[in-house]
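Peer 1: Going down the list, the sequences are from chains A and B. Oh and the first sequence: position 232 is 225 in the working numbering, straight run, nothing missing. Oh and the second sequence: position 68 is 617 in the working numbering, straight run, nothing missing.
FYI, nobody ran anything at the bench for these hints, they're computed from the structure. Wrong hints could be hidden among the right ones.
Quick list of in silico lysine to any residue cross-link-like pairs, SDA-like style, CA-CA up to 20 Å [claimed, not checked]:
hint: 1; chain 1: B; residue 1: Lys939; chain 2: A; residue 2: Asp17
hint: 2; chain 1: B; residue 1: Lys613; chain 2: A; residue 2: Gln12
hint: 3; chain 1: B; residue 1: Lys735; chain 2: B; residue 2: Thr583
hint: 4; chain 1: A; residue 1: Lys86; chain 2: B; residue 2: Lys566
hint: 5; chain 1: B; residue 1: Lys939; chain 2: A; residue 2: Ala130
hint: 6; chain 1: B; residue 1: Lys566; chain 2: A; residue 2: Asp381
hint: 7; chain 1: B; residue 1: Lys569; chain 2: A; residue 2: Asp378
hint: 8; chain 1: A; residue 1: Lys8; chain 2: B; residue 2: Thr583
hint: 9; chain 1: B; residue 1: Lys569; chain 2: A; residue 2: Lys89
hint: 10; chain 1: B; residue 1: Lys613; chain 2: A; residue 2: Thr13
hint: 11; chain 1: B; residue 1: Lys569; chain 2: A; residue 2: Asp17
hint: 12; chain 1: B; residue 1: Lys569; chain 2: A; residue 2: Met385
hint: 13; chain 1: B; residue 1: Lys569; chain 2: A; residue 2: Thr329
hint: 14; chain 1: A; residue 1: Lys89; chain 2: B; residue 2: Thr583
hint: 15; chain 1: B; residue 1: Lys566; chain 2: A; residue 2: Thr13
hint: 16; chain 1: A; residue 1: Lys149; chain 2: A; residue 2: Lys86
Over 12 Å on every C-beta distance to chain B, these chain A residues come out as not near it, computed from the model [what the hints assert, rightly or not]:
hint: 17; residue: Asn68
hint: 18; residue: Leu69
hint: 19; residue: Gln109
hint: 20; residue: Ile170
hint: 21; residue: Ile234
hint: 22; residue: Asn236
All C-beta atoms in this analysis are idealised placements derived from N, C-alpha and C, irrespective of residue type, glycine included.
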Amino acid sequence: MDKKILTQLNTILGKNNVQTTFEDLICYSYDATAGETGCLPEAVVTPENSQAVVELVKLANEYKIPLYPRGAGTNLSGGTIPVHGGIVVSFAKMNKILEINIENLTATVQPGVVIQSLNEAVMPHGLFYPPDPGTVATATMGGSVAECAGGLRGLKYGVTKHYIMGLEVVVPNGDIIRVGGKTVKNVTGYDLTKLFTGSEGTLGIITEITVRLAPAPEARRSMMAVFGSLDDAAHTITGIIKNKVIPATLEIMDNTTIRMVEEYARVGLPVDAEAVLLIEVDGITEVIEKEAQLVLDVCKKNNAQKIQIAETDSERDKLWAARRAALPALSRVKSTTILEDATVPRSQIPAMIRAVKEISLKHNLIIGTFGHAGDGNLHPTILCDARDEEEMNRVKLAVDDIFRTAIELGGTLSGEHGIGSAKADYLEWELGSAGISVMTKIKEALDPNGIMNPGKFI
Amino acid sequence: MAAANNSLASAENEIRKCMKCGNCRAVCPVFGETGTESGVARGKIRLAEAIINNELEVNPEIAKRLDLCLACKACATNCPSGVRFDHIILAAREEIAKNRQHSLEELAKPWKSPLLFKITSNRKIFHSLLRVAAKTQKPLVKGQPVMRHLPLGLSELTSYRSLPVISDLPFRDIIKNYRQEIPVLKGKLIFFSGCAIDFAYPEVGVSLVKVLNRRGYEVLFPQSQACCGTPLRYMGDINPVKKMACENIRAVENMLREEKAVGVITACPTCTGAWVHDYPNLFKGESEWLKRIEYIEEKMVEFTRFVAANQPCEQDKNRESNEIKPKLRLTYHDSCHMKRHLGIFNEPREILKGLAGAEYIEMPKADACCGCGGSFSLKFPEVSAGILGKKLSNIKKTEADVVVTGCPGCLMQIKGGLDKAGQKTRAMHIAEVIAGIEEDDGNPGE
Chain A
-6 MDKKILTQLN
4 TILGKNNVQT
14 TFEDLICYSY
24 DATAGETGCL
34 PEAVVTPENS
44 QAVVELVKLA
54 NEYKIPLYPR
64 GAGTNLSGGT
74 IPVHGGIVVS
84 FAKMNKILEI
94 NIENLTATVQ
104 PGVVIQSLNE
114 AVMPHGLFYP
124 PDPGTVATAT
134 MGGSVAECAG
144 GLRGLKYGVT
154 KHYIMGLEVV
164 VPNGDIIRVG
174 GKTVKNVTGY
184 DLTKLFTGSE
194 GTLGIITEIT
204 VRLAPAPEAR
214 RSMMAVFGSL
224 DDAAHTITGI
234 IKNKVIPATL
244 EIMDNTTIRM
254 VEEYARVGLP
264 VDAEAVLLIE
274 VDGITEVIEK
284 EAQLVLDVCK
294 KNNAQKIQIA
304 ETDSERDKLW
314 AARRAALPAL
324 SRVKSTTILE
334 DATVPRSQIP
344 AMIRAVKEIS
354 LKHNLIIGTF
364 GHAGDGNLHP
374 TILCDARDEE
384 EMNRVKLAVD
394 DIFRTAIELG
404 GTLSGEHGIG
414 SAKADYLEWE
424 LGSAGISVMT
434 KIKEALDPNG
444 IMNPGKFI
Chain B
550 MAAANNSLAS
560 AENEIRKCMK
570 CGNCRAVCPV
580 FGETGTESGV
590 ARGKIRLAEA
600 IINNELEVNP
610 EIAKRLDLCL
620 ACKACATNCP
630 SGVRFDHIIL
640 AAREEIAKNR
650 QHSLEELAKP
660 WKSPLLFKIT
670 SNRKIFHSLL
680 RVAAKTQKPL
690 VKGQPVMRHL
700 PLGLSELTSY
710 RSLPVISDLP
720 FRDIIKNYRQ
730 EIPVLKGKLI
740 FFSGCAIDFA
750 YPEVGVSLVK
760 VLNRRGYEVL
770 FPQSQACCGT
780 PLRYMGDINP
790 VKKMACENIR
800 AVENMLREEK
810 AVGVITACPT
820 CTGAWVHDYP
830 NLFKGESEWL
840 KRIEYIEEKM
850 VEFTRFVAAN
860 QPCEQDKNRE
870 SNEIKPKLRL
880 TYHDSCHMKR
890 HLGIFNEPRE
900 ILKGLAGAEY
910 IEMPKADACC
920 GCGGSFSLKF
930 PEVSAGILGK
940 KLSNIKKTEA
950 DVVVTGCPGC
960 LMQIKGGLDK
970 AGQKTRAMHI
980 AEVIAGIEED
990 DGNPGE
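Just chain B, with the same shape it has in the complex:
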């Protein structure tokens, strides 16, 4: 084997484990759409080998094929040889990012490449742009709660799902003036929200605050928190990600210390994964930073895990006697990051099954990917749409009133897809469902 480039060298052991058995074909959502070898882990591993062996130069053709992966880890979970394909695909993308030649398509449509996403690494500019977009989107939104049609070259972005409107008031603004009502104060929690909840779904943040308040916790929001860095990380552009990690570590540890908070809550499994898996890797060998990350991670808990361990003492039993009202039918979608990256899938179900006035129905293939994959849905809208279609059809089979998820990315994809397809089921983040049911009227309205 020719001298391995640094990034792929780290994944060589994983690549070598691959027996080429093809088991990944049985579970890969992308392969389910394309039917091609390069669409599945086995083929991509061969391509990664080809880069290592200098059988080919990094070029737009190979970049495109290695981009065509949701990093959903269905393959890794199903692999009899234990190949951690997620390590391979990220290493390969890092190698490609070093020599990235942008195809004509990427130059014409910047949302398909790291070019546009580089903006996330500069918090002030990124957030300013989002605020501007919140104002300028109004003609495109036409008074609807979601964006259903984007003009001209952007139309493919809403061809199969509507997009959320960027909120006039992001969560970071709302929390400043929000009056938190805490019956008995047990402690303070720091909330790392991530961009999606902050700017597209602030109502999820508000619901989270209500749920945590009810359990005796005040929620604090470090204003200097930035994007967790996952979009750039998954595109192989890791240099800015380290800088973003530093910003986030500083933002959280400062408030953690000053306020003597008892924990750090996350409600986006992608952001959680960044903290738990990516940040330690970025600072490998740097013991100072690793200590600081550990200080935060010891206190970091994902929202559903926290709620499952902190159920309120008195359940609302009086609602149980309300037999006349039909039970709210709930089903749950496992986000790939939540289940396969973080291992959280029992707690959300426990919570939902215990909710008063609700009936829980398990969806077929609840843990199949929704097709979002963050930037994947922008780069490969047709494949994303196909995968989403299968998810929507499984949701339909449950005849649920609400499909619940713990991930804002999945929320965006599924909510948008249900809207476009005209299906009656509503999509909600688990925080919204709990908050809504625990509210007096017991009905999580939109």
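Isolated chain A (complex conformation):
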């Protein structure tokens, strides 16, 4: 890194907040995305406040240095991997919860706050922050906003973008803006809050987040239903919704996943079942009793071979152990695990699962599908070996087929993981050249020097 620039970085951030040692840089050249190799950044910085970020962005814009904002680096689309040298901006030191406002049901946090920490802080007040990606214990608020993280509760509670009320953002020319706020309604100007949410760090750097909190449900009831036919499971899903029950969680596991989970965790799943559904209703006790009964009836009506209802917390944990074991079980089969995120409308779930099965046979690959049946967000998971070039070629073809199928079924490339660098090539399939053109114009207008997370989806 240029000595002059390094000196300025030290001045802006403080010497102990600038790392340039090879051994440190190498630890920021990857994230949780499988099979994506990044390059070394030129520096990793840890700003302690918004003003430091402002000065940093001004410097980067002047010298056209790429910036890669980073929380925990647990995203699955290559969003935090440096691609052209540049500076990784880690929010490890901006990790304070600034305010919890019970009256207004809001909380204001710095981007480095781990999602679980926010929940732990608001739980004593009978509140919670609903978006729950699998990485709640590690992922940061900043990252989850930039990626618009999803989670298991998506069907009933929505996703991250439904909970972001306001942001403080440093835009590429070094200006700092505050968008949105603590009011329930706000239609002042363009909805910039929504623009930056899910922008994957390509339009600006988020330095403060105000979120909406929800009353925590007082009770919940979980059950697991096993099906000998995929169609029965699919009809159960639609049947539940038809009965006006919106479960907090409605998860599915296909036969491949079931077999792997049973081999790894031995939770007692029948290995010839075509699908397993995991359902949880939450809310006021009297209401969930009624909802649970309705769900049970729908399962029975659709030939559920076996239904297990959890009566206690520990029984609930046992049921959920099966779902939680899905990814670990699959990941142990081969050394590389490619977790996709193709999402379809709920009614197309059986078609998608069947298509993935055909794709796995066509390309001779092991693919297990599990995911959020309630909202159509499935995770076809390809088990392979990154060192086997021939296999990886087949994986690429399989991924192409999966995306093509999802779009054909009226779905989308990514429900919650983001596009990043991993899926950038496929963007035009879904958005068309006109859609890409609109996004490009926005990007060029805000970031003419292309310093914000280059090499990603835009």
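Add chain B to chain A, keeping to what the hints say.
Peer 2: Chain B only, in chain A's frame:
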């Protein structure tokens, strides 16, 4: 991948399992302090890969980052891919030890590197030095029961916790003249104490003898036992460790045979781990030695496990009726080696919950590391202090009279930390607590 160096080759399979999911960040006590990728398993695995791939040469920068690990196994226990990170970090340190260049800091402060710890491999010299230190420490101790302030360059060692005084009379001397009172002799047990109990906390050894005597067992102490070798093992310096293992195996098997002892007791989970996990690995392929190790391991039992299975027939019921005396509030700290390396965590709680006149309170995050990590606390006092601070705060929440542990390392760290912080809770080894309560006055005094 470039040709892998021998030590890291053994860990390559584990390294390959890593999905880079980052789950380790949620539980790593070091990461909790540093917030940096190299402070957590995921980053260290990348560094180990870099060594294997020849992306960098072994140098003090990478050595420092790979030293910055407590080997507490919180990551391995929480890893969805089942990566055994403890294997990786030890293999990496072995590789580094081969080419160790000592940084200026290590040369100036020898307790931060394997240089000083090499002394543990020569039993006679090591023990002589400790005896000398017991005498010469007196001006530093100033009549206090612990060392609170070390002078000049050593001051950082007591900045956040006081250190134990090296005992005038180590346990190995005490046991020679100790009169063991055994009501009905069931058998003899050999005690492998480890250095900490021997030289810093002999009273723990004495309590152990009392507890075992009461249950009908005579305790024998092979004088030729040496350091188990863990400090050097964890620094990657494995050659002397094999020699130390041989010494220890000989010391124990000889007495085991001659005295026809029924078992070998350990009260330090680190030493226990050395016997159970490290020694068999050191002698891989050497069937003679492996047989000898197996002969000992078949009879080896950790103290709490033994006591849980050997509770005395008559409990002191008369103490139950003593309603006027307030119950002694006890809480328990799980040592990383005890819980995650040996899988022992139910037995100590069973024992404590069954003690007359005592009330057991579960600590929040009872199994979170105390920050000692043996030599880690000397090398990285600030990180160690931060981790200890969290443990002390959780202890405070229990409002316990005594925090109990089964590990002398944790005892040193927690006891020292409580003393420095001026917290009222006392720290004791479980042997001391049981012995104290089973004594006539029923109050485990210090």
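Peer 1: Look at each hint and say if it fits the structure.
Peer 2: Verification of the hints:
| no. | hint | in the structure |
| --- | --- | --- |
| 1 | B:Lys939 / A:Asp17 | violated, 26 Å |
| 2 | B:Lys613 / A:Gln12 | holds, 15 Å |
| 3 | B:Lys735 / B:Thr583 | violated, 52 Å |
| 4 | A:Lys86 / B:Lys566 | violated, 30 Å |
| 5 | B:Lys939 / A:Ala130 | holds, 18 Å |
| 6 | B:Lys566 / A:Asp381 | holds, 15 Å |
| 7 | B:Lys569 / A:Asp378 | holds, 15 Å |
| 8 | A:Lys8 / B:Thr583 | holds, 16 Å |
| 9 | B:Lys569 / A:Lys89 | violated, 26 Å |
| 10 | B:Lys613 / A:Thr13 | holds, 16 Å |
| 11 | B:Lys569 / A:Asp17 | holds, 16 Å |
| 12 | B:Lys569 / A:Met385 | holds, 19 Å |
| 13 | B:Lys569 / A:Thr329 | holds, 11 Å |
| 14 | A:Lys89 / B:Thr583 | holds, 15 Å |
| 15 | B:Lys566 / A:Thr13 | violated, 28 Å |
| 16 | A:Lys149 / A:Lys86 | violated, 33 Å |
| 17 | Asn68 | violated, 10 Å |
| 18 | Leu69 | violated, 9 Å |
| 19 | Gln109 | violated, 8 Å |
| 20 | Ile170 | holds, 27 Å |
| 21 | Ile234 | holds, 31 Å |
| 22 | Asn236 | holds, 35 Å |
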